[in-house]
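Undergrad: These protein sequence lines map, in sequence, to chains A and B. Reading the first sequence from the start, the letters are residues 0 to 438 in numbering that gives the first Met the number 0. Reading the second sequence from the start, the letters are residues 0 to 438 in numbering that gives the first Met the number 0.
Keep in mind that the hints were calculated from the coordinates and are not lab data. Please read all numbers here as calculations on a predicted model, not as lab measurements. Check the hints yourself; a few may be wrong.
To be verified - Derived contacts from chain B toward chain A, CB cut-off under 10 Å, selection only:
(1) Arg36
(2) Asp45
(3) Ile96
(4) Phe116
(5) Gly117
(6) Ala119
(7) Gly120
(8) Ser125
(9) Ala128
(10) Ile145
(11) Phe149
(12) Gly265
(13) Ile290
(14) Val295
(15) Asn296
Think of the CB as a built atom: it goes at the ideal place given N, C-alpha and C, for glycine as much as any other residue.
Protein chains: 2
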Amino acid sequence: MVEYQQMTTAQLQDELDSLTKSHSEYTTRALKLNMSRGKPSFEQLDSAMDLMTALPADQRPLDLDGEDTRNYGLLRGIPEARQLMADYLGVAYGNIILGGSSSLNLMYDSIARAMSFGVAGNTPFSQQARLKFLCPSPGYDRHFAITALFGFENIAIPMNDDGPDMNMVERLVNQDPTVKGIWCVPKYSNPQGITYSDQVVRRFAALKPAAPDFRIYWDNAYAVHDLYPDSNKADDLLSLTLACEEADNPDIWYMFASTAKISFAGGGISALASSTSNIAQIEALMSIQTICPDKVNQLRHVRWFESLGGGQGKGLDGIKARMKQLSAMLAPKFDIVDQVLSEDLGGCGIASWIKPNGGYFISLEVLPGTAKRTVQLCAEAGVTLTDAGATWPYGVDPEDSNIRIAPSYPSIEELEQASRLLAVSARLAAVERLLGKGV
Amino acid sequence: MVEYQQMTTAQLQDELDSLTKSHSEYTTRALKLNMSRGKPSFEQLDSAMDLMTALPADQRPLDLDGEDTRNYGLLRGIPEARQLMADYLGVAYGNIILGGSSSLNLMYDSIARAMSFGVAGNTPFSQQARLKFLCPSPGYDRHFAITALFGFENIAIPMNDDGPDMNMVERLVNQDPTVKGIWCVPKYSNPQGITYSDQVVRRFAALKPAAPDFRIYWDNAYAVHDLYPDSNKADDLLSLTLACEEADNPDIWYMFASTAKISFAGGGISALASSTSNIAQIEALMSIQTICPDKVNQLRHVRWFESLGGGQGKGLDGIKARMKQLSAMLAPKFDIVDQVLSEDLGGCGIASWIKPNGGYFISLEVLPGTAKRTVQLCAEAGVTLTDAGATWPYGVDPEDSNIRIAPSYPSIEELEQASRLLAVSARLAAVERLLGKGV
Chain A
0 MVEYQQMTTA QLQDELDSLT KSHSEYTTRA LKLNMSRGKP SFEQLDSAMD LMTALPADQR
60 PLDLDGEDTR NYGLLRGIPE ARQLMADYLG VAYGNIILGG SSSLNLMYDS IARAMSFGVA
120 GNTPFSQQAR LKFLCPSPGY DRHFAITALF GFENIAIPMN DDGPDMNMVE RLVNQDPTVK
180 GIWCVPKYSN PQGITYSDQV VRRFAALKPA APDFRIYWDN AYAVHDLYPD SNKADDLLSL
240 TLACEEADNP DIWYMFASTA KISFAGGGIS ALASSTSNIA QIEALMSIQT ICPDKVNQLR
300 HVRWFESLGG GQGKGLDGIK ARMKQLSAML APKFDIVDQV LSEDLGGCGI ASWIKPNGGY
360 FISLEVLPGT AKRTVQLCAE AGVTLTDAGA TWPYGVDPED SNIRIAPSYP SIEELEQASR
420 LLAVSARLAA VERLLGKGV
Chain B
0 MVEYQQMTTA QLQDELDSLT KSHSEYTTRA LKLNMSRGKP SFEQLDSAMD LMTALPADQR
60 PLDLDGEDTR NYGLLRGIPE ARQLMADYLG VAYGNIILGG SSSLNLMYDS IARAMSFGVA
120 GNTPFSQQAR LKFLCPSPGY DRHFAITALF GFENIAIPMN DDGPDMNMVE RLVNQDPTVK
180 GIWCVPKYSN PQGITYSDQV VRRFAALKPA APDFRIYWDN AYAVHDLYPD SNKADDLLSL
240 TLACEEADNP DIWYMFASTA KISFAGGGIS ALASSTSNIA QIEALMSIQT ICPDKVNQLR
300 HVRWFESLGG GQGKGLDGIK ARMKQLSAML APKFDIVDQV LSEDLGGCGI ASWIKPNGGY
360 FISLEVLPGT AKRTVQLCAE AGVTLTDAGA TWPYGVDPED SNIRIAPSYP SIEELEQASR
420 LLAVSARLAA VERLLGKGV
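Next up, chain A with everything else stripped away, as it sits in the complex (with noise of 0.2 Å):
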């Protein structure tokens, strides 16, 4: 096949033509499917059902300190649960504080008190004049959103295929000082799939900001959500924690999980993570806002991870074989989107796209300036899409290049489907730009 950006205006033109009726057939037969959102599909969901009854009705459901989940009180959350999760982040004990069913809840709080109450002793940033937040992009759009609603201006950081550009972090972060932190999704980012590198993540730790109240927002959402493990195609990540002891910058960091995407999506528990001094200054302000987190779903999800890890204690390695089980039905369907990506729009020089070996997304780059006319032929032919510029701050895409693809809802068929017709969607797009055709 000639790449489109090779061929001549009458190749375009047949092109144009031939695209226009495939995307006509797509258009007739009114599909009503959805590629838009990173929510788990019903069958991994039923496949949780264990969570619901892992706690006998005929026994008082107390904690390892004998403490009664049902009551008030354990602000941080109970104790198996604070361990599992810290195993979970890969930090210590007394780093964990336990949050509800959303760990975005856990991170525009973070924000929030820092505008309130200011950071380890400093100014709240409401009080500060002008408020920087750095937004590797593409990026998670709900991240951006909390700093753009606080006033911060969100500045786009390139992603590289190990992680952000760090020349201009550092460059930002170490020279600025009204930067005051930075989005991060370490491992398997949203939506490209890419992990940081050791280097990348060693630069974070060596971090000197000039703003004594930045901070990393590392939001490690996808740490254990591998889509290959069986064939030990996964990506490790290094501990920041430990990097950044290592760099003597121990009260850098923030970190953020939850078991959305292991448990149930709206029902799961949420961690906060962060150094000592850190976490009591959150848990001094935690303890006027809140009584508790809801423990009983804590000591659920406790009970039914160590049922699925072989017994008391070994909660982790019931994550792990909860992941293989999730990794069975994710895996098939990132792997259609890429065939047929690849079979559809291999040739054409237009698009390209990172197959992740994790993670809940595809981010497919097609040519600049055609991403928005891309989702929109989507949309006319009955497939819902991300907005084209979701994944940037302001959602807007300074190249109009960048689609997120969530392959995790629908059909294994309906993602073949649908992936086909974007494939038509995107060279369509591309023919109409290369011949002044653009919207």
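Please arrange chain B on chain A, whose structure you already have, making use of the hints.
TA: Okay, now just chain B, sitting in the frame of chain A:
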């Protein structure tokens, strides 16, 4: 018995000797009792254990609209749980947003939102030079702690036997634009167990605040928490919502509730209610803050309450049935405290208390200047009470006279012992004071 204030010095001296001896006897007994915490007892929690298995493991937990409670989405909560909490609070379905297990967290977030983003388009609180909040006292220390944390001047409002001193409330709210809100527990108030009269509710509804961003923070924590439903001793609370509509003041209220003291204290569901336009503002901001509350737990609660109430849509009947179960456990505890105080403090003329028809506390007024000493004397003999002063802003009771008693957690035997010690301690502190030997 001669009242203490009528006693001669010699009589007081005799009384001092006798009480000191009694108190010493308690001290040698080395009690270890706690009447400080408004926590449900094991018995109460055990009787809610069917909640644990209210959702079967072999059935998808779908909501009324067929949405999967296990997945992401539904920021406001599932329809049946919203309807239940709307009925519970006596507001319309559209005026409810559900939260996690802690309604305190919803209150904190309401203040935090107003700090950062303002109320209804007004200047954010954080950008206003001076902020005041009204605190009917004695009241709930955790309310006062929130506004103190955010830098409000907390102003104590005296409590009459039908609610807060509305003359003072009206004067402050209607004249001072720095007054931004008032904390209310309108039914079975914490700690006095007072229910606001219809007239008080109507005066609240008719407030004409000098501040456009003033709101009533109506924490209906004990909406159904009657102690004597069988004998029809229960306090009715006029609907603030309806009263506000009548007074053409539709946006002045925020309302809060939770099932903490109905199901599990640390694993219930909570609700925030307000006018349509307030809720719209709140929801827009919450959509950035979080994904959704734990909807599985919402459905679990609805199903359990419906099973107690006799079927689908009968959740509110189920809550009422549940409260009858709980009143049978709680009323005897309140009764024994009242009985002992009547027997041992009744004739001394130095103490008063209200025997409430509901709620979680008994509020004891001792001789001014002796509350701290009374609590200290109890502690010396092994009985922990809430810190004297805790029920007032900044923990300072100007009269040093209020002691909050929480009868729910200890057994009846323990409550009898603890109450007898409390009576001895209050008398001893009073005699010391009258003899000029006070601390």
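Undergrad: Work down the list of hints and note, for each, if the structure agrees.
TA: Hints versus structure:
| no. | hint | in the structure |
| --- | --- | --- |
| 1 | Arg36 | holds, 7 Å |
| 2 | Asp45 | holds, 7 Å |
| 3 | Ile96 | violated, 14 Å |
| 4 | Phe116 | holds, 8 Å |
| 5 | Gly117 | violated, 12 Å |
| 6 | Ala119 | violated, 17 Å |
| 7 | Gly120 | violated, 15 Å |
| 8 | Ser125 | holds, 5 Å |
| 9 | Ala128 | violated, 13 Å |
| 10 | Ile145 | holds, 6 Å |
| 11 | Phe149 | holds, 7 Å |
| 12 | Gly265 | holds, 5 Å |
| 13 | Ile290 | holds, 5 Å |
| 14 | Val295 | holds, 4 Å |
| 15 | Asn296 | holds, 7 Å |
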